[in-house]
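Participant: Below are the chains, spelled out letter by letter.
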Amino acid sequence: KAGVTQTPRYLIKTRGQQVTLSCSPISGHRSVSWYQQTPGQGLQFLFEYFSETQRNKGNFPGRFSGRQFSNSRSEMNVSTLELGDSALYLCASRRIALPYNEQFFGPGTRLTVL
Amino acid sequence: AQTVTQSQPEMSVQEAETVTLSCTYDTSESDYYLFWYKQPPSRQMILVIRQEAYKQQNATENRFSVNFQKAAKSFSLKISDSQLGDAAMYFCATGTYKYIFGTGTRLKVLA
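Heads up: the protein sequence lines correspond to chains A and B, in order. Residues 4 to 117, numbered by my numbering, are exactly what the first sequence covers, in order. Residues 8 to 118, numbered by my numbering, are exactly what the second sequence covers, in order.
Computed from the model, here is a short list of chain B residues facing chain A with C-beta under 8 Å:
#1 Gln-51
#2 Arg-57
#3 Tyr-104
#4 Tyr-106
#5 Phe-108
Estimated spans, in silico, between C-beta atoms of each pair:
#6 Gly-6/A / Tyr-104/B: 18 to 26 Å
#7 Leu-117/A / Pro-48/B: 17 to 25 Å
#8 Pro-11/A / Thr-27/B: 35 to 43 Å
#9 Ala-5/A / Gln-9/B: 30 to 38 Å
#10 Leu-117/A / Gln-90/B: 37 to 45 Å
#11 Ile-15/A / Pro-47/B: 18 to 26 Å
#12 Ser-54/A / Glu-22/B: 44 to 52 Å
#13 Ile-15/A / Thr-110/B: 21 to 29 Å
#14 Gln-21/B / Ser-89/A: 32 to 40 Å
#15 Thr-12/B / Thr-10/A: 30 to 38 Å
Simulated from the structure, these hints should not be mistaken for laboratory data. Keep in mind that this is a model prediction, so the values were computed, not measured. Cβ coordinates follow ideal geometry from the N, Cα and C atoms, glycine included.
With the sequences and hints as input, model every part of the structure.
Facilitator: Below is the structure:
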């Protein structure tokens with residue numbers, strides 16, 4: 004069974020631009036969560052999608068948004084990029100949006116903002 | 008609010024020896040899970056072990072085991088017979104729909 008895939012793996016953007024990251028969950032997994040990992044703030048929850056609906060959201064500005072498609076694939080968008088958005092963005096999926104199914108993580112997208 | 012604290016930024020262990028990584032947490036949830044994830048240099052987060060809070064028996068996965076002390080809100084990870092491939096960042100996490108992670112412990116395995 005294929006794992007969680009994320010594209011692209013690496014991305015370089017400049018301040019003010021916008022970026023879209025993609026995540027394909029494990030087959031049969033309907034919940035997708037996004038996390039930001041930085042050396043200073045560690046791993047922080049961005050949001051979770053289930054059945055194309057955002058169910059939970061972390062404490063990030065509105066520049067961070069996401070969506071989920073009917074096939075459970077998810078995209079995350081960051082508009083008006085800032086230097087501080089440079090991070091590893093991790094996507095995680097689980098079978099259904101119950102609290103106690105463990106999440107399986109993708110390899111991440113490394114975003115660098117210049 | 009949920010919090011997870013890992014007080015050991017870095018640990019070292021000799022190959023074949025045993026090491027214990029510490030984690031304390033705080034949660035208002037009455038029923039919850041706890042997790043240990045491993046993040047090697049490839050940055051891929053790998054689930055090492057999970058513990059159901061309602062179970063008194065400590066979870067075990069091969070060389071990995073936990074010491075879960077619910078009253079003390081402590082959840083330590085023991086790695087036995089350490090191998091070079093165990094070298095990684097280890098993150099403790101708890102949560103329901105979203106995970107709260109600790110700051111991580113970097114484990115070095117010395118040959």
